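Colleague: The residues making up each chain are set out below.
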Amino acid sequence: MMLAAFAHPVFDSQRNFRELLQAMARPIAPRAMPVLAPAPAPILPASMAALLTLCDADTTLWLQQPNDAVAMHLRFHAGVRLVQDPADADFALITEPASMPPLTMFAHGDLRYPDRSATLIMQVDGFRGNAGKRFAGPGIRDVEQLLIEGLPGEFWQQRAAMSAQLPLGVDLIFISGQRMVALPRTTRVLED
Amino acid sequence: MTSNYNFAFLDENTKRMLRRALLKAVAIPGYQVPFGSREMPLPYGWGTGGIQLTAALLGPDDVLKVIDQGADDTTNAVNIRRFFARVAGVTTTERTTEASVIQTRHRIPETPLREDQILVFQVPEPEPLRTLEPREAETRTLHALADYGLMHVKLYEDIAQYGHIATSYDYPVLVDGRFLTSPSPIPKFDNPKLDHSPALMLFGAGREKRLYAIPPYTKVESLAFDDHPFEIQRWEHQCELCGSDESYLDEVVVDDRGSRMFVCSDTDYCRQRRAEQAA
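So the protein sequences, as listed, match chains A and B.
At position 175 of the first sequence (counting the first as 1) the number is 175 in the numbering used here, and the numbers step up by one without a gap.
Every number in the numbering used here is 1000 more than the matching position in the second sequence, counting from 1.
A hint or two may mislead.
[Said to hold, decoys possible] Quick look at which bits of chain A chain B covers, simulated, 3 or more residues with Cβ under 8 Å:
1) 10-20
2) 23-32
3) 112-119
4) 136-143
5) 175-186
The hints are simulated quantities; they were obtained by calculation from the structure and are not laboratory data.
Predicted, not measured: the structure shown is a model, and the values here were computed from it.
Note that beta-carbon positions come from the ideal geometry of N, C-alpha and C, so glycine has one too.
Construct the complete structure from the given sequences, taking the supplied hints into account.
Modeller: What follows is the structure, given as structure tokens:
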């Protein structure tokens, strides 16, 4: 049987968007997704909430671990177009970061239109404050520190290589349980 | 609230398109994101860009303030406030401190904004280079290459002709050291408020179909030269109603013999100060 989507599509997606917007405007600071959406495995309810808030027939989505239940659910509730090639995706859902393709596989935009780039929603193991890397940049008043658990080993090297291409790049939204953390392309990772 | 429209007037597909564009705008500070601007029930030039952004943001719990040149009681501000009260049923206010979303035309409130507030600007011309280079393809290239020499030449010509930088509003800024950005036609008096603002600032241009953002705590520099540093306007007058000597003043002609008075452009700020003095 197919799962339901938001109980109140207009108001639920509005509340989720406002938190997503603040998350993107204040990178690295964890926030809670206000309204969750039922989701078939391996998608978390908070990831599904983000997808239903942002995706529709005008967008493309790449799934790292596609299955029939997920595809049917997303096509029915969002009408989103699923693509095979990560480079074609406006949004990508990473459900197993350890085996994800490198960041260079996703659309980085072009110099005249850097907005034509992918947004990655990545399900990670957890967030720990006062540990891990330190971050600065737009949206961060002083310095933020956060350990994002469950990222692939080469992730930060790949991201550092991407930062050299600014304003090109991909923007990331990490999800763990109900919590989310945004890492837009402009956030700088400070050297330890 | 009227039930003949979707909540906040726009349909959900349009809101999602705006929301996706807004997230990219925040992720690339100062960069102009194209969006599919819709026909709104008021003409271009009356804040259709700002209204579409506000419609994509608003929820039933929001408290909306709308100002036009700092004032809550001008035609444009009153109409937009009434529009959203009707199509979204939101509470409206004239108090800066009570608002969660503030839509503005050409001013930033004098009262410092907070982290939980969002400021939405109505923008007539989002491209700061447009008066210098009319071709969109060319200005896109200049932004791609971060080639902003044209704007420096324009400011230099001001100095050569007038002895100082004569640009007094829509004074160009560099956001996060990368994108040259129009702050919309706010007086340059307000430019310092853009730098490291606690509040998120969003800009919408309906006719030009562009939106952009300045995230909170972002470096925003007003262009200048080492020997001609950026300066804001100063007045020899104080507000004649509240006595403020640090707010942006409007010069008002009060009779047909040329008498003038100077009053705060920010009506809420002026009213709060007078209320404090009376108490």
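Colleague: Apply the coverage criterion to the segment 112-119 of chain A and chain B: a residue qualifies when its Cβ sits closer than 8 Å to a Cβ of the chain, and three qualifying residues are needed.
Modeller: Per the Cβ count (6), the hint holds.
Colleague: Three or more residues of the segment 136-143 of chain A near chain B by CB distance under 8 Å?
Modeller: holds (count 5)
Colleague: Are at least 3 residues of the segment 175-186 of chain A within less than 8 Å of chain B when you compare beta carbons?
Modeller: The restraint on the segment 175-186 of chain A holds, since 3 of its residues have a Cβ under 8 Å from chain B and three suffice.
Colleague: Under a C-beta cut-off of less than 8 Å, do 3 or more residues of the segment 10-20 of chain A approach chain B closely enough to confirm the stated coverage?
Modeller: That given contact holds, which follows from 8 residues of the segment 10-20 of chain A lying within Cβ reach (below 8 Å) of chain B.
Colleague: When I compare C-beta atoms, does the segment 23-32 of chain A have three or more residues closer than 8 Å to chain B?
Modeller: Per the Cβ count (3), the hint holds.
When the structure is compared with the earlier hints, no violation turns up for any of them.
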